[in-house]
Amino acid sequence: MFSFAYYALAVMTAIVAGLLGWLFAHRRRRRRHGALQDLMDQADRLETDLKDCRDRLQRAHAVMQFSPDQPAVGEVEAQQAVDSGLRALLQQRLWIRDRAPSASQRELDDAVSALVRARHQLEPRLQALDDAQTALDTAVREHFQPDR
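Letter by letter, the sequence shown follows residues 546 to 693 of the numbering used here.
The reader is advised that the hints may include incorrect statements.
Stated by the list, open to error - Cross-link-like lysine to aspartate or glutamate pairs, in silico, EDC-like; alpha carbons within 16 Å at most:
1. K596 <-> D654
2. K596 <-> D682
3. K596 <-> D628
As the list claims (entries may be wrong) - Have a look at the derived ranges for each label pair, beta carbon to beta carbon:
4. A559 <-> S629: 55 to 65 Å
5. S649 <-> D676: 20 to 30 Å
6. T593 <-> G563: 38 to 48 Å
It should be emphasised that the hints constitute simulated quantities derived from the structure, not laboratory data.
We treat Cβ as the ideally placed atom computed from N, Cα and C, and that holds for glycine.
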């Protein structure tokens, strides 16, 4: 009876240890999967934001253009900045494709954080573009439709 209790205790300990190991591994896989999903989602969102920024800049510059053959002042620089952001995002996507499956959890978390920071830095610029576009639309409307 005494040895049976030790065997039962040893079996129960092994079962609990196995269950804890499985739970830890499952939690780790879920966290990793979540980080990979967040990484891809943030990359998609940043790409959408950058393309939206490019479209807004093109609309604004189209309104300000005096000569259709020449780019408006600052248009080239703005386009280069957006293109640079898209190239950096492409590099990030290549990293995701090539390295993310074998990356550590810390590397994945750092990559997600970098994309979130980039989006947060872009948000005020998009808002400023909205404000400038609104002011530009108002000025153009007032120029072509003076008070009656």
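Given hint D628 paired with K596 - CA-CA distance at most 16 Å: holds (9 Å)
Restraint status (C-alpha distance of K596 to D654 at most 16 Å): violated (25 Å)
Consistency of beta-carbon spacing, D676 to S649, with hint 20 to 30 Å: Violated, since S649 and D676 (Cβ atoms, about 42 Å apart) do not stay within the stated range.
16 Å Cα cutoff - pair K596, D682: violated (21 Å)
Beta-carbon spacing of T593 to G563 - inside the hinted bounds 38 to 48 Å or not: Distance hint for T593, G563 holds at roughly 45 Å.
Status of the given 55 to 65 Å range, CB of S629 versus CB of A559: Taking Cβ atoms as reference, A559 and S629 lie about 57 Å apart, which means the hint holds.
Going through the hint list in order, the structure does not satisfy hints 1, 2 and 5.
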